[in-house]
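Engineer: Read off the chains here:
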Amino acid sequence: MDKSRKIRESLIYVILFTGSVTMLVPFIWMILTAFKSTSESTQMNPFIIFPGVWRKDAFISVLSKMNFLRLYWNTLVLILGRVVCAVLTATMAGYAFGRLHFKGRNLAFSLVLFQMMVPTQIFIIPQYLMVSRLGALNTWFGLLFPGLVTAFGTFLLRQAYMGLPASLEEAARLDGCNIGQTFLHVMAPLTKSSMVALGIFTALFAFKDLMWPLVVNTEQNTMPLSAALAKLQGQFVANYPELMAASLLACIPMVVIYLLFQKQFIDGIATSGGKL
Amino acid sequence: MNIKIKGSRRERSEFLWGWLFLLPTMAGLIILNIIPIIQTVYQSFFKTGAFGRGNVFVGLQNYEKLFTDSLVWQALMNTFKYALVEVPFSIVIALLLAVLMDGKIRGKSAWRTIYFLPMVAAPAAVAMVWRWLYNSEFGLFNHLLNSLGLSSVNWISNPSTAYISVAVVGIWSIIGYNMVLFIAGLKEIPRDYYEASQIDGAGGVKQFFYITLPLISPTMFFVAVTRIIGAMQVFDSIYMMMDKSNPALVKTQSLVYLFYRYSFVEGNKGYGSSIVLLLLVVILLITVIQMVCQKKWVNYS
Chain A
18 MDKSRKIRES
28 LIYVILFTGS
38 VTMLVPFIWM
48 ILTAFKSTSE
58 STQMNPFIIF
68 PGVWRKDAFI
78 SVLSKMNFLR
88 LYWNTLVLIL
98 GRVVCAVLTA
108 TMAGYAFGRL
118 HFKGRNLAFS
128 LVLFQMMVPT
138 QIFIIPQYLM
148 VSRLGALNTW
158 FGLLFPGLVT
168 AFGTFLLRQA
178 YMGLPASLEE
188 AARLDGCNIG
198 QTFLHVMAPL
208 TKSSMVALGI
218 FTALFAFKDL
228 MWPLVVNTEQ
238 NTMPLSAALA
248 KLQGQFVANY
258 PELMAASLLA
268 CIPMVVIYLL
278 FQKQFIDGIA
288 TSGGKL
Chain Y
4 MNIKIKGSRR
14 ERSEFLWGWL
24 FLLPTMAGLI
34 ILNIIPIIQT
44 VYQSFFKTGA
54 FGRGNVFVGL
64 QNYEKLFTDS
74 LVWQALMNTF
84 KYALVEVPFS
94 IVIALLLAVL
104 MDGKIRGKSA
114 WRTIYFLPMV
124 AAPAAVAMVW
134 RWLYNSEFGL
144 FNHLLNSLGL
154 SSVNWISNPS
164 TAYISVAVVG
174 IWSIIGYNMV
184 LFIAGLKEIP
194 RDYYEASQID
204 GAGGVKQFFY
214 ITLPLISPTM
224 FFVAVTRIIG
234 AMQVFDSIYM
244 MMDKSNPALV
254 KTQSLVYLFY
264 RYSFVEGNKG
274 YGSSIVLLLL
284 VVILLITVIQ
294 MVCQKKWVNY
304 S
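From first to last, the protein sequence lines are chains A and Y. Counting from 1, position 144 in the first sequence corresponds to residue 161 in my numbering; the numbering is continuous, with no gaps. Counting from 1, position 15 in the second sequence corresponds to residue 18 in my numbering; the numbering is continuous, with no gaps.
Bear in mind the hints are in silico, worked out from the structure with no lab data behind them. Treat the hints with caution; some may be incorrect.
[As the list claims (entries may be wrong)] Mimicking DMTMM-like on lysine to aspartate or glutamate, the simulated pairs with C-alpha atoms at most 25 Å apart in a straight line are:
| no. | chain 1 | residue 1 | chain 2 | residue 2 |
| --- | --- | --- | --- | --- |
| 1 | Y | Lys190 | Y | Asp203 |
| 2 | A | Lys225 | Y | Asp246 |
| 3 | A | Lys209 | Y | Glu191 |
| 4 | A | Lys280 | Y | Glu191 |
| 5 | Y | Lys111 | A | Glu26 |
| 6 | Y | Lys247 | Y | Asp72 |
| 7 | A | Lys209 | Y | Glu17 |
| 8 | A | Lys82 | Y | Asp246 |
| 9 | A | Lys225 | A | Glu186 |
| 10 | Y | Lys111 | Y | Glu191 |
| 11 | A | Lys280 | Y | Asp105 |
Produce the complete structure using the sequences and hints provided.
Structural biologist: Given below as structure tokens:
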């Protein structure tokens with residue numbers, strides 16, 4: 018009995034370990050390739066796994082072709098802008114949907130649910146034409162545009178507000194708070210964890226968004242990392258050390274942030290993703 | 004009397020505050036979503052020239068073209084085939100990992116961190132490194148096959164199998180996400196169920212099928228619905244991995260990829276609109292079917 022249990026336990030570790038290695042191979046290969054020379058990366062006999070010398074050439078060359086500071090900045094603006102808009106608007110709307118009773122609420126909420134059911138690509142052409150007509154192509158406003166409000170976030174925050182006890186509101190009201198004060202001082206602070214979850218969710222998907230940046234911000238100095246990588250690949254198909262160096266530079270900041278705040282990341286995804 | 008006035012004042016103030024709080028979100032949803040969906044439907048009756056020049060009313064012509072365009076139907080098939088690989092595998096593997104990590108495991112958070120890592124990488128970077136791994140001449144995968152004495156594989160240029168290679172990237176990317184949702188779902192299952200069944204002599208496998216699986220089915224339903232919708236919208240990996248000259252492109256490109264190409268590369272936003280409306284109809288149909296079928300296997304108790 019004890020022996021079979023031990024075997025089972027080690028089997029679990031073997032599976033988890035093999036799986037982890039598989040998950041990491043692409044990242045490891047990205048790093049190894051980025052430090053090779055072009056000829057090393059395409060040499061077959063013998064096949065080279067580890068770079069002979071860890072070269073910085075690919076990084077230097079990529080940094081001279083792409084203004085990474087600018088790309089990081091654009092990506093940061095995209096992420097922070099969308100997070101602030103999403104959290105702010107969803108907190109307000111979520112409170113109205115979750116705690117207040119008024120005429121038109123259900124109709125308004127059905128719009129939220131409707132938006133959540135429709136694939137986002139449906140909106141892209143008209144959104145693009147709007148941004149274009151406003152003369153906002155290649156601006157940070159254009160980049161943020163589809164994320165100014167969030168149906169999903171509104172839904173998430175509504176769920177959070179619905180879970181709070183009514184006695185809190187009653188107490189605030191008896192203390193003479195109006196609805197705005199009750200919201201600001203009593204209720205909103207209690208949904209902090211949902212706000213954080215929505216913030217992380219929004220940040221991650223703003224960072225990963227590819228089609229919208231490809232469509233609206235086509236100039237080098239206004240595009241975020243995702244679109245810049247796509248453009249780079251179009252230009253230098255064959256130079257894999259450079260492509261991998263650029264990919265590495267694009268991934269490192271988010272990976273570092275993730276490793277520092279893994280608990281918040283995973284909890285945030287578990288709560289927000291699970292409530293969709 | 005007094006109370007009634009108080010009540011209506013309260014009602015009025017709830018009405019005013021409610022709409023004040025809703026104002027930004029509602030204005031945003033109307034401008035960003037409601038108007039655009041109407042415009043997309045409207046646009047689908049027009050033919051747009053390159054670079055937005057000329058917007059000519061063509062009636063149902065885009066839809067006639069849509070129904071006879073073999074590229075569109077092929078793309079729809081490609082999208083289904085992609086989803087049929089990506090969704091089941093990403094769910095089964097993620098559930099297995101979540102169950103393994105649910106017990107007393109050392110380094111739980113470290114394992115979780117690793118499996119979730121692809122989620123925080125930029126999809127463009129992910130697609131590029133996979134493309135490099137799949138490279139038929141210099142790629143790592145073919146080198147490994149060759150060193151085992153096997154012959155090379157055209158991972159992403161063989162028309163009949165390229166969609167599988169693309170789906171593998173999708174599975175790799177999403178496993179961690181599904182796993183995190185399953186771990187959260189497993190935490191909800193009361194421990195005493197397992198203890199009771201252990202006393203009855205049920206082993207791990209039996210426990211999985213009689214306790215875990217029925218009780219995790221709501222989470223599974225949720226993950227399945229969202230994953231299928233997500234898989235039907237696959238774009239990034241195909242856009243980044245499949246060159247226009249790739250012989251497997253026609254057999255791999257998804258509906259969204261085709262939508263992007265028609266709308267923004269060729270500038271025919273009218274036809275692009277009709278393609279994306281087809282996508283909407285397909286996704287709604289699948290979702291309705293799933294909602295109907297869930298009664299058969301999802302266990303809400």
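Engineer: Taking the hints in turn, state whether each one holds.
Structural biologist: Going down the list of hints, with the structure as the test:
1. Y:Lys190 <-> Y:Asp203: holds, 22 Å
2. A:Lys225 <-> Y:Asp246: Status holds; Cα separation ~21 Å.
3. A:Lys209 <-> Y:Glu191: Holds, because 22 Å separates the two Cα atoms, which is no more than 25 Å.
4. A:Lys280 <-> Y:Glu191: holds, 19 Å
5. Y:Lys111 <-> A:Glu26: Distance of about 14 Å is within 25 Å: holds.
6. Y:Lys247 <-> Y:Asp72: holds, 19 Å
7. A:Lys209 <-> Y:Glu17: holds, 23 Å
8. A:Lys82 <-> Y:Asp246: holds, 22 Å
9. A:Lys225 <-> A:Glu186: At roughly 39 Å apart (the allowed maximum being 25 Å), Glu186 (chain A) and Lys225 (chain A) break the hint.
10. Y:Lys111 <-> Y:Glu191: Given that 25 Å is the threshold and the Cα spacing comes to 18 Å, the pair holds.
11. A:Lys280 <-> Y:Asp105: Given that 25 Å is the threshold and the Cα spacing comes to 17 Å, the pair holds.
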